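Produce the entire structure from the sequences given, and follow the hints as far as they go.
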Amino acid sequence: MDRNISGDVIAKYLTNFTPLTRLLFVICGAVLIHLSLGSYHTFGNMLPYIASYMKNYTDSSVNHEILIWIPTFQSCFPFAMVIGGLLSSKLGLRFATSLGCFIMASGVFLSYWTIQISFLAFLITYGMMFGLGQGIAYVLTISCVINWAPKHVGLVSGIVAAGFGFSSSIFAPLQTIYLNPLNCKPTVSAYFTDIDLVRRVPSAFYIFAIVYAIMQIIGLIFICNPINLVCSYLEFSKNNERDDEVLENGMVDLREESISLSPSEILKTSTFLWLFCALFCCSFYGNMFYNLYKTFGETFIDDDLFMAYAFSIASMCNALARIGWGILTDQISFQKSLSIATLLATVLLLTMPLTPKGGKWLYFMNLMLICLAATHALFITASVKCFGTDHKSTNYGCLIFSTVCILFF
Numbered sequence: 001m002d003r004n005i006s007g008d009v010i011a012k013y014l015t016n017f018t019p020l021t022r023l024l025f026v027i028c029g030a031v032l033i034h035l036s037l038g039s040y041h042t043f044g045n046m047l048p049y050i051a052s053y054m055k056n057y058t059d060s061s062v063n064h065e066i067l068i069w070i071p072t073f074q075s076c077f078p079f080a081m082v083i084g085g086l087l088s089s090k091l092g093l094r095f096a097t098s099l100g101c102f103i104m105a106s107g108v109f110l111s112y113w114t115i116q117i118s119f120l121a122f123l124i125t126y127g128m129m130f131g132l133g134q135g136i137a138y139v140l141t142i143s144c145v146i147n148w149a150p151k152h153v154g155l156v157s158g159i160v161a162a163g164f165g166f167s168s169s170i171f172a173p174l175q176t177i178y179l180n181p182l183n184c185k186p187t188v189s190a191y192f193t194d195i196d197l198v199r200r201v202p203s204a205f206y207i208f209a210i211v212y213a214i215m216q217i218i219g220l221i222f223i224c225n226p227i228n229l230v231c232s233y234l235e236f237s238k239n240n241e242r243d244d245e246v247l248e249n250g251m252v253d254l255r256e257e258s259i260s261l262s263p264s265e266i267l268k269t270s271t272f273l274w275l276f277c278a279l280f281c282c283s284f285y286g287n288m289f290y291n292l293y294k295t296f297g298e299t300f301i302d303d304d305l306f307m308a309y310a311f312s313i314a315s316m317c318n319a320l321a322r323i324g325w326g327i328l329t330d331q332i333s334f335q336k337s338l339s340i341a342t343l344l345a346t347v348l349l350l351t352m353p354l355t356p357k358g359g360k361w362l363y364f365m366n367l368m369l370i371c372l373a374a375t376h377a378l379f380i381t382a383s384v385k386c387f388g389t390d391h392k393s394t395n396y397g398c399l400i401f402s403t404v405c406i407l408f409f
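Each residue of the sequence shown is one higher than the one before, counting from 1 in the UniProt record's numbering.
Honestly, I wouldn't trust all of these hints.
[Claimed, not checked] Capping the alpha-carbon separation at 25 Å, the derived lysine-lysine pairs in DSS-like fashion look like this:
#1 357 to 185
#2 385 to 151
#3 151 to 12
#4 268 to 385
#5 385 to 336
#6 90 to 12
#7 357 to 151
#8 151 to 55
Honestly, the hints are just simulated from the structure, not real lab data.
Since we're looking at a predicted model, the values are computed, not measured.
As structure tokens, this is what we get:
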């Protein structure tokens, strides 16, 4: 947490409310931003449309396999998380988060032109710029909420991460309704041939970029740190016991923390190594499913709207599950929670080739996305509990470097 006394006008204004009300304001702001950032998970829905457009109008050599590089660069935002932590300490939380949001929304907006130019140009805007901005804003908004509720890291980070997961349930159907209102069928190779549909693809980027920007501007209003080295403290425990010295107005002094490791220190610990390996494994199968679910589904499901609504419902399950995993890890432990999630995911992945025999209603997206929700809710909680809160943004950025290793597989 930034140790400088805050002079933020919004932070001062929030002190007029009860601790619960302040926290709700901050959470709502963070969730709005995460709803826009979570559009990352709609790439699987957009993939057939993007591939169809680029193959016909940009570069005939472009196919689904090549386009997978786009989400690969989007998801490799640990560099941005580390940068975000440094920017926050130098420039302030809201300014650093605003910069991340601006880069992300600009990347989507510019993709209106780059998708018409070349694959490389599109990779830079919708891949690199999106990933850079997303990484900066993602970690700083969660860090902000944790500062206001340091005793319930799993719960509040799970709620914010739920916004990230819920995003695709909103934007995936909207993308499909805008691009494919007549529910045109793709070919067996998952390409669309309808001319009107394909020509609408570029315009989708600037339309949704404007929507993302509006959501981010509203959310940024409440992205601020608590005042004077204190954070809001909410008592959720049944026995109402408090281990910290509670100050006036429901505030808790956080100057005495049991552990606070810097990035250079966590790199020397075995705990970091094990968390790094675990996150790599979870991210590997998670990215594969998110990016290829529609391509796989359309090999035996010829209903595009069904796929959009199925993913929307699954995303709702994913969002709720993030809160559930956050609560679970607060109540039991990170190890037990992660074991449950990965065991169920393993069973579902192994049985996935059997789903065509059962038809589209046996396509277990809901259960799969519930498992994938654990990754976002559990690892940020583990990072904070293991390494402390002072450098949580940068530390989590170092941990999520494991996703970069996916590039080599």
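Going down the list of hints, with the structure as the test:
At most 25 Å may separate the alpha-carbon atoms for a hinted pair to count; residue 357 and residue 185 meet this at roughly 21 Å. Distance check on the hinted pair: residue 385 and residue 151 sit about 10 Å apart at the alpha-carbon level, within 25 Å; holds. Between residue 151 and residue 12 the alpha-carbon distance is near 22 Å, which keeps this suggested pair within the 25 Å criterion. With a C-alpha separation of about 17 Å, the suggested pairing of residue 268 with residue 385 holds against the 25 Å cut-off.
Of the pairs offered as hints, the one joining residue 385 and residue 336 holds, with about 15 Å between alpha carbons and a cut-off of 25 Å not exceeded. Restraint check: the Cα-Cα separation between residue 90 and residue 12 comes to about 21 Å, which is no more than 25 Å; the hinted pair holds. Of the pairs offered as hints, the one joining residue 357 and residue 151 is violated, with about 47 Å between alpha carbons and a cut-off of 25 Å exceeded. Annotation: proposed proximity of residue 151 to residue 55 is violated, straight-line Cα distance about 51 Å (limit 25 Å).
Taken one by one, the earlier hints fail for this structure at numbers 7 and 8, listed in ascending order.
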